[in-house]
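**Student:** Residue-level listing of the chains:
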Amino acid sequence: MAVSPSLKAGLAMGVAALAAALFAPLLASEAPLLASVKGGLCSPALSAYPGAAWAVCPSQSSIDWRARPLPEGASILLSAPVPFDPEATNLDAVLISPGRGHYLGTDPLGRDVLSRVIHGFPVALLVGGLATMLSLMIGILAGGTAGLARSWVDLQLTRLMDLVACFPTLILALALAAAATRPGLGSLVAAIGLTRWSGIARFFRSEVLRQKGLTYIDAAHAAGAGRPRLLLRHLLPNSLAPILVTASFSVGQAILLESGMSFLGVGVPPGTASWGGILAEAQNQITPAWWLVLFPSVALFLTVLACNLLADGLRECADPRRSRLG
Amino acid sequence: MRGYLFRRILSVFPTLLGITLVTFLLLEILPGREMALSGAGESNLPSPETLVRLRQTYHLDEPILTRYGQWLLRLCRWDLGESLLDHRPVTSTLRQTAARTLSLNLLALSLALAISIPLGTRWAVTAGSMRDRVGTVFLYLLYAFPGFAAALILQYLFAVRWRLLPLQGVSSLPAAAPLLQKTWDLASHLVLPVVCLAYGSLAYLARFTRASVLEGLHSPYVDAARARGVDERVLIWKHAFRNAVVPLVTLLAALVPALLGGSVLVETIFSWPGMGRLYFESLLNRDYPVVLALTVVTALLTLAGSLLADILYCIADPRVEPEQGFHGRLS
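Order-wise, the sequence lines are chains V and L.
Heads up, the first sequence is in our numbering, so the first residue is 1 and it goes up one at a time.
Heads up, the second sequence is in our numbering, so the first residue is 1 and it goes up one at a time.
Certain hints may be false.
To be verified - Listing some non-contacts, in silico: residues in chain L with all C-beta distances to chain V over 10 Å:
no., residue
1, G18
2, T50
3, G69
4, R161
5, A187
6, R233
As the list claims (entries may be wrong) - Which residues of chain L face chain V? A partial, calculated answer using Cβ under 8 Å:
no., residue
7, A149
8, L307
9, L308
Stated by the list, open to error - Pairwise CB distance ranges, derived in the manner of DEER restraints:
no., chain 1, residue 1, chain 2, residue 2, range
10, V, S97, L, G169, 25 to 31 Å
11, V, D319, L, H87, 35 to 41 Å
12, V, L95, L, G128, 47 to 53 Å
13, L, P48, V, L244, 52 to 58 Å
14, L, P48, V, G73, 56 to 62 Å
15, L, L16, V, G226, 35 to 41 Å
16, V, V15, L, H87, 55 to 61 Å
These are calculated hints, taken from the structure and not from any lab test.
For every residue, glycine included, the Cβ atom is placed at its ideal position computed from N, Cα and C.
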């Protein structure tokens, strides 16, 4: 079977975004990739990863890699492609337009925009991915239970889904995020995940209702499978393709929600680079800085586009007839 | 059909009750209520005596169910309390901001429909051609572009760079200005927010219209009509499009929460004094009566939208008696 172009494009872009997220500490960091301190080779950038303590330079915490000349005995052999930390302020280089040195310019605190955009990838993908996983878990549980349960339970659960769907996602997510006792990435994930599950639940419920009448479910039931086993071992794997489509699309929407909330200042905590946060800084400027608006928007756009393409590509694979029209 | 409509309208009431319960519980877990009530900041913490007095004034020591019941009764009488910040009744604030937000949203929706329906239909008719393909790809890209980022870019280009349109707000004229001038001023302030709000649904609606008209054009009844010699334009608009309208109606209802949620961002960006901005600011300031009222009202609007969609659907297509109502069909 020929792989659809949107699946290919979506996969390529998704892998690129994932790579940017995974390698963000290596791509943009003022700590060099390879340095020599007191005659020994070490990699301060690599040591940012957990479990990479072996890469730490001797007395690394006391070395300021931005200092020129570097301390005695230390030299940079290979610096990172973007030699700036996302949070490192430099009040001598405020709002520099894109050019040599700072490829995408700097923000009002002199932080490098490219470095911040790159470090926005892990935040966006982590929040989007985890929030989607949370809403998938709730949605599959609620939808599956509703589809298999007796009519009374089904009615109540369906009502609950309709109820949650009545609240605009941004409004509910903002209220949930404000209600969190300890603001942070965890409560942000919870706020987004808890607002976005009802669509998945409704979809999975209809999927369960559709499959309930099929003979293989009867056979499994006759063989003694209980409801949890039916749900997890039979119904779930058999609706995996449409669930993957929904999940992939949902990641993009969750990332959009996250950046919207970060733009309003109630998303990722301050001190963490995020695309929405950069956009908020652009909005607060009196002297306009177009690079603060354009580049995070493009990163956001490409990531959401990758998720949408992936979703459509997967749908085309799973259901070639329907996608011909869309 | 009448039985279905009756049942559908009845089914609104449990949801209605659920909406109020969820909102109330949500507000109940919001931290910092006493602080907000006393108007204290980090620097001047209220004394324990003040706190006790506050809890008594606002009946915070009574059991939660009692307070929920009291609030519900007041809600039924459309008494939403008064704002903790400016002590104005919430209902009057709500009336003002709701008018602004709804006018913004209605304009945006009309704009989106006015562009997307002819565009989507046209693209469906010329499906497969080069122009159709380019258009489809363009719409697809547009759909993925985040609305609030587009709003920021448009604001930068039109208000800052080229100075064609006002940056934000509702009006930049004194109250005594002549009416014609004021109308023009209001219109120029409306352009960017309306475009940005319409933008998100535009791509979605056009894609949807294209798909459903295309499906209609490929169906046997259109072939039959064509064989009878019906004019091509009549075929498109009277046959294919008429049938595409039915799913479009339900889609409109699904857009209500998206538009209301989008209002928060767009109104904040353009300082439009509507419900969305008020909601966000009240949430930040812990102005609970306002947050409570706005959450309930947005949910009610969404509910009303989905009910209206079901009723319209029923009128447009009396054969259908959707078992699960509006939501069952969407998924």
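**Student:** All hints, please: hold or fail.
**Tutor:** How the hints compare with the structure:
Residue placement check: L:G18 does not keep its beta carbon more than 10 Å from all beta carbons of chain V (closest about 4 Å). Every CB of chain V is more than 10 Å from the CB of L:T50 (nearest about 23 Å), matching its label as outside the interface. Annotated as non-interface, L:G69 keeps its C-beta farther than 10 Å from every C-beta of chain V; the closest such distance is 19 Å. Look at L:R161: its CB is around 7 Å from the nearest CB on chain V, not clear of 10 Å, so calling it non-interface is violated.
For L:A187, the requirement that its beta carbon stay farther than 10 Å from each beta carbon of chain V is met, with the minimum near 24 Å. Remark: the non-interface label on L:R233 is consistent with the geometry, its nearest Cβ contact in chain V lying 22 Å away (cut-off 10 Å). The interface hint given for L:A149 holds, since its Cβ lies 4 Å from the closest Cβ of chain V, which is under the 8 Å cut-off. For L:L307, the interface hint is violated, since its Cβ never comes within 8 Å of a Cβ in chain V; the closest pair sits about 11 Å apart.
Residue-level restraint check for L:L308 is violated (minimum Cβ-Cβ distance to chain V is 14 Å; threshold 8 Å). A C-beta distance of roughly 28 Å is found between V:S97 and L:G169, which places it inside the suggested range of 25 to 31 Å. Judged by the Cβ atoms, the range 35 to 41 Å given for V:D319 and L:H87 is violated: they are separated by roughly 57 Å. Taken as a hint, the range 47 to 53 Å holds for the pair V:L95 and L:G128, whose Cβ atoms sit roughly 49 Å apart.
Between L:P48 and V:L244 the beta carbon distance is about 56 Å. The supplied range of 52 to 58 Å therefore holds. Checking the proposed 56 to 62 Å range against L:P48 and V:G73 shows it holds: the Cβ atoms sit about 60 Å from each other. Evaluation of the 35 to 41 Å hint for L:L16 and V:G226 yields a pass: the beta carbon distance comes to about 36 Å. For the hinted restraint 55 to 61 Å between V:V15 and L:H87, the CB-CB distance of approximately 56 Å keeps it satisfied.
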